[in-house]
Amino acid sequence: EPEVTQTPSHQVTQMGQEVILRCVPISNHLYFYWYRQILGQKVEFLVSFYNNEISEKSEIFDDQFSVERPDGSNFTLKIRSTKLEDSAMYFCASSGGRDLAKNIQYFGAGTRLSVL
Amino acid sequence: KQEVTQIPAALSVPEGENLVLNCSFTDSAIYNLQWFRQDPGKGLTSLLLIQSSQREQTSGRLNASLDKSSGRSTLYIAASQPGDSATYLCAVSDEGRRALTFGSGTRLQVQP
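Here the protein sequences come in this chain order: A and B. Using the numbering used here, you'd call the opening residue of the first sequence number 1 and step up by one each time. Using the numbering used here, you'd call the opening residue of the second sequence number 1 and step up by one each time.
Please keep in mind that the hints were generated in silico from the structure rather than gathered at the bench. Ideal placement from N, C-alpha and C gives every residue a C-beta, glycine not left out. Please note that a few of the clues may not be correct.
Below, a list of computed lysine-lysine pairs in the DSSO-like style, where the Cα atoms sit at most 27 angstroms apart [said to hold, decoys possible]: (1) Lys42/B to Lys42/A; (2) Lys102/A to Lys83/A; (3) Lys83/A to Lys42/A; (4) Lys42/B to Lys102/A; (5) Lys102/A to Lys42/A; (6) Lys1/B to Lys68/B; (7) Lys68/B to Lys102/A; (8) Lys42/A to Lys68/B; (9) Lys57/A to Lys68/B; (10) Lys42/B to Lys57/A; (11) Lys78/A to Lys68/B; (12) Lys57/A to Lys102/A; (13) Lys42/B to Lys78/A; (14) Lys68/B to Lys83/A.
Non-contacting residues of chain B with respect to chain A, defined by C-beta distances greater than 10 angstroms in every case (computed) [to be verified]: (15) Ser12; (16) Ala29; (17) Arg72; (18) Gly83; (19) Ala91; (20) Ser104.
Using the sequences and the accompanying hints, generate a full structural model.
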C-alpha cells in the first residue's frame with residue numbers, strides 16, 4: 001500500500017540553526033500538508049500546498065517557516081532559525097488522489113525535532 | 001474558530017466490549033470529518049472519513065456517525081480487541097478548507 005515517508009525520523013539541532021524536514025508524499029496525490037504535535041498537545045495544522053504554491057497556512061506558519069517541492073517527489077519544510085518551542089513531532093500528509101477517497105489525508109510516521 | 005473536543009480523554013475496557021468514542025465540534029459548517037488512530041510515538045492512521053453530506057461510514061468493526069447540525073460524531077468499535085489499544089483522534093475540515101482541526105484524542109486501552 002502506498003505510504004507517505006518522512007526523513008529523518010529524529011533530528012536534533014541547536015537553537016538558531018536551520019533545519020529541513022523531508023517528505024515523499026504518495027505519488028499520485030495533489031495536496032500536501034505539514035502538521036506538528038508538541039508533546040502532550042493536539043496535532044496542529046501548519047500549511048497546505050497545491051499546484052506549487054501555498055493554499056492555506058496557520059498563524060503558526062510565520063516567516064521562519066517555508067515549504068518547497070523541489071522536484072516531482074519531495075516536499076520539504078524548512079525552519080530558518082529554530083527556537084526551543086519548535087521542538088515537536090512534525091507530520092507530513094498528502095491527499096487528492098484520483099480514487100473515491102481523494103479527501104482522505106494520509107500521514108507519515110513523523111520527524112521528531114529536538115531543539116537544544 | 002473551530003474547536004474540537006473528544007470525550008472521554010481515556011477509556012479502559014475488557015476485551016470483547018463494544019464501545020463508543022465521542023467527538024464534538026463548535027462550527028457545523030464542515031467539509032468532512034476524519035477519524036484517526038495514533039499508536040505511541042507513531043504517525044496517524046486514517047480509519048474513516050465522513051463527508052458533510054453523509055450520516056455514517058463503516059469499515060469492519062468500526063462505524064462512524066455524523067450529526068452535522070448538532071456538531072457531533074461518534075466512533076463505534078464492536079467487539080474490542082487488545083490490538084485496538086491506541087489513541088483515537090477526531091479531526092474536521094471546515095467548508096472551503098482542507099486544513100484539519102484536531103481534538104485531543106481518546107486514549108483507549110483494551111485489556112485481555
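Hint check:
For the given pair, Lys42/B sits about 14 angstroms from Lys42/A by alpha-carbon distance, which is consistent with the 27 angstroms threshold. The hinted pair formed by Lys102/A and Lys83/A fails the criterion: a straight-line CA distance of about 35 angstroms is larger than 27 angstroms. Restraint check for Lys83/A and Lys42/A: the C-alpha separation of about 19 angstroms stays at or below 27 angstroms, so the hint holds. A distance of roughly 23 angstroms separates the Cα atoms of Lys42/B and Lys102/A; the hinted pair therefore holds under the 27 angstroms criterion.
In summary, the hint linking Lys102/A to Lys42/A is supported, as the alpha carbons are separated by about 24 angstroms, within the 27 angstroms threshold. Annotation: proposed proximity of Lys1/B to Lys68/B holds, straight-line Cα distance about 16 angstroms (limit 27 angstroms). Between Lys68/B and Lys102/A the CA atoms are separated by roughly 21 angstroms; this keeps the pair inside 27 angstroms, and the hint holds. Annotation: proposed proximity of Lys42/A to Lys68/B holds, straight-line Cα distance about 22 angstroms (limit 27 angstroms).
With a C-alpha separation of about 25 angstroms, the suggested pairing of Lys57/A with Lys68/B holds against the 27 angstroms cut-off. For the proposed pair Lys42/B and Lys57/A, the alpha carbon gap of about 24 angstroms is at most 27 angstroms, so the pair holds. The suggested pairing of Lys78/A with Lys68/B is violated, with an alpha-carbon distance near 37 angstroms, which exceeds 27 angstroms. Taking the CA atoms of Lys57/A and Lys102/A, the gap is about 21 angstroms. The hint holds against a cut of 27 angstroms.
A C-alpha spacing of about 22 angstroms is found between Lys42/B and Lys78/A, which places the hinted pair at or below 27 angstroms, so the restraint holds. With a CA separation close to 39 angstroms, the supplied pair Lys68/B and Lys83/A exceeds the 27 angstroms bound. Taking the minimum C-beta to C-beta distance to chain A, about 20 angstroms, the non-interface status of Ser12/B holds against the 10 angstroms cut. Non-interface status of Ala29/B relative to chain A is upheld: no Cβ of that chain comes within 10 angstroms, the nearest being about 16 angstroms off.
With a least beta-carbon separation of about 19 angstroms from chain A, Arg72/B lies farther than 10 angstroms from that chain, consistent with its non-interface assignment. Once the 10 angstroms rule is applied to beta carbons, Gly83/B is consistent with being away from chain A; the minimum gap is 18 angstroms. Not every Cβ of chain A is farther than 10 angstroms from the Cβ of Ala91/B; the closest lies at roughly 7 angstroms, contradicting the non-interface assignment. With 10 angstroms as the threshold on Cβ separation, the claim that Ser104/B sits away from chain A is violated: the shortest Cβ distance comes to roughly 5 angstroms.
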